[in-house]
Structure formats: structure tokens, C-alpha cells
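> With chain P fixed as given, assemble chain W onto it according to the hints.
Residue strings, one per chain:
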Amino acid sequence: MKKYIIYLSLSLFFILGIFLYQGFSLRDANLHLVVCDVGQGDAIYIKTPSGKDVLVDGGGNDKVLDCLTKHMPFWDRTIELMILTHPDADHITGLVPVLQRYSVLHFVTSKTSKETGIYKKFIQALREEGLTPKYAFLNDKIDFGDGLISDVLWPSPDALDEFKSPARVNELSVIQVLAFGKFKALLTGDAQVKVQDRIVGSLSGIDVLKVPHHGSKTGMSDYYLNKLRPSLAVISVGKSNRYGHPTSFSLDLLSKYAIKTLRTDRDGEVEIISDGKSYWIKE
Amino acid sequence: MKNSLIFFYVFLILILSIRLILFYSNQKTYTQGEKISFVTQVNSNPKEYSSYQTLYLKLDPINKVLIKTDTDKKLFYGDYIKVSGNLDILVLNSGAHIFTLNYPQIEANFRENNPALALVYNIRQKIINNFRSNLDPISSGLMLGIVFGIKENLPKDFLQSIQVTGVMHVIAASGMNVTMVSAFLFYLFASFIKRQLAIFFSILGIVFYTAIAGFEPSIVRAAVMGIIVFSAQILGRQQYSLHTLLITAFLMLFVSPELLFNTGFALSFTATFGLLYIPDLFKRFQNSFTESFITTISAQIATMPILIINFGNYSVFSILVNGLVLWTIPPLMVLGAIAAFFSFVFAPLSLLFLYLSLPFLYFFESVVGVFAQFGNTLNIKNFPLSFVIAYYLFLISIILFKFKK
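Chains P and W supply the protein sequences, listed in that same order. With the working numbering applied, the first sequence corresponds to residues 1 to 283, in that order. With the working numbering applied, the second sequence corresponds to residues 1 to 405, in that order.
The reader is advised that the hints may include incorrect statements.
Stated by the list, open to error - Computed cross-link-like contacts, DSS-like style, restricted to lysine-lysine with a CA-CA straight-line distance of at most 27 Å:
{"#": "1", "chain 1": "P", "residue 1": "Lys217", "chain 2": "P", "residue 2": "Lys277"}
{"#": "2", "chain 1": "P", "residue 1": "Lys52", "chain 2": "P", "residue 2": "Lys277"}
{"#": "3", "chain 1": "W", "residue 1": "Lys126", "chain 2": "P", "residue 2": "Lys70"}
{"#": "4", "chain 1": "W", "residue 1": "Lys73", "chain 2": "P", "residue 2": "Lys120"}
{"#": "5", "chain 1": "P", "residue 1": "Lys239", "chain 2": "W", "residue 2": "Lys47"}
{"#": "6", "chain 1": "W", "residue 1": "Lys126", "chain 2": "P", "residue 2": "Lys120"}
{"#": "7", "chain 1": "W", "residue 1": "Lys47", "chain 2": "P", "residue 2": "Lys120"}
{"#": "8", "chain 1": "P", "residue 1": "Lys134", "chain 2": "W", "residue 2": "Lys156"}
{"#": "9", "chain 1": "P", "residue 1": "Lys121", "chain 2": "W", "residue 2": "Lys156"}
{"#": "10", "chain 1": "P", "residue 1": "Lys121", "chain 2": "W", "residue 2": "Lys74"}
{"#": "11", "chain 1": "P", "residue 1": "Lys239", "chain 2": "W", "residue 2": "Lys126"}
{"#": "12", "chain 1": "P", "residue 1": "Lys121", "chain 2": "W", "residue 2": "Lys47"}
Honestly, the hints are just simulated from the structure, not real lab data.
Pulled out of the complex, with its shape left as it was, chain P reads as follows (with noise of 0.2 Å):
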């Protein structure tokens, strides 16, 4: 008897060593934008100054369950907000196992759906989890209450209209801007150049860009990157995908303008953090 006692006793202890030593590690005041590498798709895990968890998108299978787990102390199961940039398999599939096994607290998306399978399986499990969307549109704002701002920038009342047709689920892309302090990060979805540059005018000091659309011929013009200017892009995709992303086009475009580029085919994930007054990149 004595001898069990003796090893729950010793199992114990160690798992008091890792909750303290994942407290520490993965507990700061910072902000942490996390473009995890999930293949052909977006996922991006966000821990906010004060620690709330937000997934944007869930990538096309379920590696973003590792990066989550990597990222995530393993008592916290909570994840407070879910946002889904638009309904294509790759930003969607790997949101069905994150709400099976997460707690998930609220629930943003585009107001827009899709027929395929993964997307009926998407809402069964968002049923199951107990959740009803909330549709952001331009001018919506998410304030995290810890210096965390987001600002969503599409699609706006009447873009629903202009892209009703199945085929532009692209087109209708939550995008929204990431406020930090001084810090900003654009975050695009899939929206194509036709939307792209229709939001840039009004932006400025964009320090971070989520590459639209993993880098695809038709995600930025010239015109978008001069006005925007970020000092660090991020491209979001799989090794030797079948699109051909990123386009050679896009990299020319950001080597144009000398804008360091990070992709998740070469570079793995990419951790961004930053305290409000700079951001550096996690080697």
C-alpha cells in the first residue's frame, strides 16, 4: 500500500512540476500571434496580453490540435473566441476536432455558408458545442479588455450581395486588424485583391501581414503592398500544395518593397510576440 502512495505521490510531483514550469513558459503580459504550420491552410492561434486563447481559422486537417498543444498549458481546455474567416475546407476542417475537444466560448464567422460536407459537420459539431454564430461585418469591434483590439474591416453590409454566389465565399473573408499598443497585424483570410485593396486605404502602420490567400497570383497588387508597407509578411502554407501558392508574382511583389517574408512551408510555424511597443519573431 505504502508503495502506491509512494508512486501517485511521485507521479504527482512531477505534474506539479510541469504545471509550474508551463505557468511560467507560456504566461507573459504579451501578445502572442501564433501562424501555426498546418499544411495548405490558415490556422492562427492568438494568446492575448492577458492570456485569453483565440483561434482564427482551423487549417485543412487537424494538426492545429498539436500547435494548440504546444501553446496551451494542459489544464486549459478553454478556448474563448473561435473565428472563421470564411467557410473553405482549408481554414475549416481543423475546427471540427478543436471544438470536440475544447471548450469553445464564443463563436464569430462571415455570414456566408457553404454545401460541402466538412461545413455540415462543421455547424453538427458548433450544435453540439452549444454555439450560435455572430456575424461580424465592417466596423464591428472586439475589445478583449486587456489593450487587445480587433478591428474588423470586411466584409461590409452590402459585399453579402455583391459576392452571393457560392463561388466567392473568398471574397466575403472576415479581415481584421490586430491593435496592440503600437503594434499592428493584418489578418486577411482569403479575401482576393479586388477586396484587398478596396480596405487598404484606410490602413496605417500595419507592422504584420497574414499573406492573402497563402501567396496566390491573385492576393496583392502593387498598389495594396505600397500602401500598406508591413515590415514582416507571413505566408501561410503547405509544402508543394497543388495551387502552386505562394506565386512567384507575390514574392516578387514583396521582395519589390523589401518586406521580410516568413512561410510555414519553409520556415515551420511563426511566432510573432510583441508588448505593445515592438514585436519580435520566437527562433
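Leaving out everything else, chain W in the frame of chain P:
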């Protein structure tokens, strides 16, 4: 041994031989192109090629059939599957023939429709949900695999690592796992409550476990063997348990002769045998701390050749990795079973036991992760049967020598 005892065993062996000969000589014959459909348990790991995979399946007690199928069909050791297709018979140069099935219809995870089991599956699903919403994907998948043989939830990459390092058998709820856990439960309870009561509680625990594992025949057999033998061990002398083990095995073989070539049966028989006799060889190292380690090592020594034949030909690291991780199995199974039990009674307590299992799970994951990097470059192919026989003769003679003294 007394003469009457020798006579008794000779008699048993004679009866069993007649039964086996009659059974194996009256088997069905097959014709080329015949349409067949059968339910079988996957007994080995598929070989993957770029666009297809091949796997030997048991067609009937004596015949194997080589199937070829798409790589996206997930086939795991221990799963029951229903296969239907047109049989091909290939005659080799040597004159021997092999059966093949090309791209047959495969119904994975085949289960007989049984309303009594519906409740069990319901319970099982609840446990799966509880585990995976509280632990990370690898830990929860590993835990479900180790405790209940449920493999669907393991991430593909990690499953690959498990296969490469040759520890697939621990997530297959094999007979050996059940045997190890029944031994663990019996000695755990016997160390602090009355023997009769200890047996009662252990049996309850084992029955709960076999129910959640879906009453798979291999697990039920291992459980029966464990219950009978360890009860005898606690109640009586060591010799009694040997006789109960032999008689139980005899009865099982007599009722279903196809067990003769069943990996799970061989594993639970040898593991039980090992747990009864091998710990004595380590008596001088025995104290309350090494005890569970010795228990595990004993099961491992007794089953090693069978493990190598069935799983180990994937990696030379298999023996090393097994040696490093196997001691975590009994505590993990016990913690997992308790956590599963409490997911219905009182969820926070279930969470506590899941957290307590995390250090063991992390250790297991790291060892598998480290050795998986080395890959499977060096294979032990065609492990000779003569070595297996020599191994067991050697083992038995050591045990006999020890007991003569």
C-alpha cells in the same frame, strides 16, 4: 511429480491432440474465383507501398489470405473486419499455393449488431469524449489505446512512430495487457484487504474493463485466464496456479482449436506463465519498489519471442523501446480505468486521475518520439522459429533448475 499427475497430463495431451488433428484435417476447401465473405481479426501490421498496402489475414483457422487494398483503408492490429471478394489461388514454383484477394470490400471496425452491446458502446463513447476533451490529442489517444485498445483517436504521425518503434501491441488491448493488469489489481488489493475480498474487487474491475473494451474474445479469454490463475495464486500454492493455467488453456484449446495459432492467446498464456514463475528469479532484487518493474519485466521476458515475431520485425529498437516503456502500462491502465469510472460518477475526480497519468504518458511519448527518429533502417527479418523454441526451452530449464534447488 507424482505418477498420477504425469498420467493425467499425458491423458489431457492425448485428448487435445485428437481434437486438434480432427479439427485441422476437416477444413473447408476453396476454388479459384470463389466468392467469399468472412469476419476476421487483424493479426499483423499491413505493409504499405506507395499506392496500396498488403496484409495477411486469417481466412479460416488454417488458411491465410494475402489481401491487397488501398492505403486509405486504416487497418490496425486487433480490429475486427469483414472482408468480401473473389478468391484467387496462386500456385508457387514450389507447388505450394497461396490465397489472394485483390481490392476486396472491407468493412473496418466490424461489430455484430447486438443490443446488449449498444449500452457498452454508449459508455465507451462517453469515456472517449471525456478523455479527449481533457488531454491533448497524443496523450488522450495513447491513453485510450493503452487502456481500451481504441486507436481511432491517435494522430497519424504518432501512430506511425508507435509502429516504427515496435510497441503497437501496447495500444491493442492485447491479452498480455489484460494479464498484466489483472496481476497488478490482484496484488494491489491483496496487499491491503482480505484475500477473498481482494479477489472479489479485482474480478469486478476486470469485468468492467472487458465490458468497455467491447467484450472482445481475446480480452475475455485473457481475463478469464487471469482471474482463475491469480485467484489460485493468492488462495493456494504456486503449483496450484500452474495446474489451473494448464487446465484453463487446455479447455480453451479444446473448445476452440483455432486458438492454437492466435497471437493474443499465445501472449496471454505466456504472460501469465511468466508472471507466475519469473519474478522468483529476481528474488534478490525484490523490494516494494522494484516489484511492479519486475512484474512487467517478467511478462516481457515470457512473451518476447512472440512479440518479436508479430511486431518486432519493424525495428531493432523494438526490444529496447519495449524495455523502456512497458513498466508504465499497468499504472496507466489502472489510472485510466479509474478515470473512466469516475467520468460517470464524479468528473473532477476523473480529471485528477487523468492528470496523474500525464507524467507516465509524457514519458512514453518522449521515448517513442526519440526512437522513432532513428527510423526502421535495420530490420530483423524472418526470425527463425528454432530460436523461439530454444528460447522457451532455455527459460523453462532455468525455472526448473531454480525450483529443484
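> Work down the list of hints and note, for each, if the structure agrees.
Consistency of the hints with the structure:
Between P/Lys217 and P/Lys277 the CA atoms are separated by roughly 33 Å; this puts the pair beyond 27 Å, and the hint is violated. Between P/Lys52 and P/Lys277 the CA atoms are separated by roughly 20 Å; this keeps the pair inside 27 Å, and the hint holds. A distance of roughly 26 Å separates the Cα atoms of W/Lys126 and P/Lys70; the hinted pair therefore holds under the 27 Å criterion. In summary, the hint linking W/Lys73 to P/Lys120 is supported, as the alpha carbons are separated by about 23 Å, within the 27 Å threshold.
About 26 Å separates the Cα atoms of P/Lys239 and W/Lys47, which keeps this hinted pair within 27 Å; it holds. Using a Cα cut-off of 27 Å, the hinted pair W/Lys126 and P/Lys120 holds, with the two alpha carbons roughly 23 Å apart. Taking the CA atoms of W/Lys47 and P/Lys120, the gap is near 35 Å; set against the 27 Å cutoff, the hint is violated. Annotation: proposed proximity of P/Lys134 to W/Lys156 is violated, straight-line Cα distance about 34 Å (limit 27 Å).
Note on P/Lys121 and W/Lys156: the hinted pairing holds, with a Cα-Cα distance of about 21 Å set against a maximum of 27 Å. At roughly 21 Å between alpha-carbon atoms, P/Lys121 and W/Lys74 fall within 27 Å of each other, so this suggested pair holds. Pair hint P/Lys239 plus W/Lys126 does not hold up; C-alpha atoms about 37 Å apart against a cutoff of 27 Å. In summary, the hint linking P/Lys121 to W/Lys47 is not supported, as the alpha carbons are separated by about 32 Å, beyond the 27 Å threshold.
Comparing the model with each numbered hint stated earlier shows that hints 1, 7, 8, 11 and 12 do not hold.
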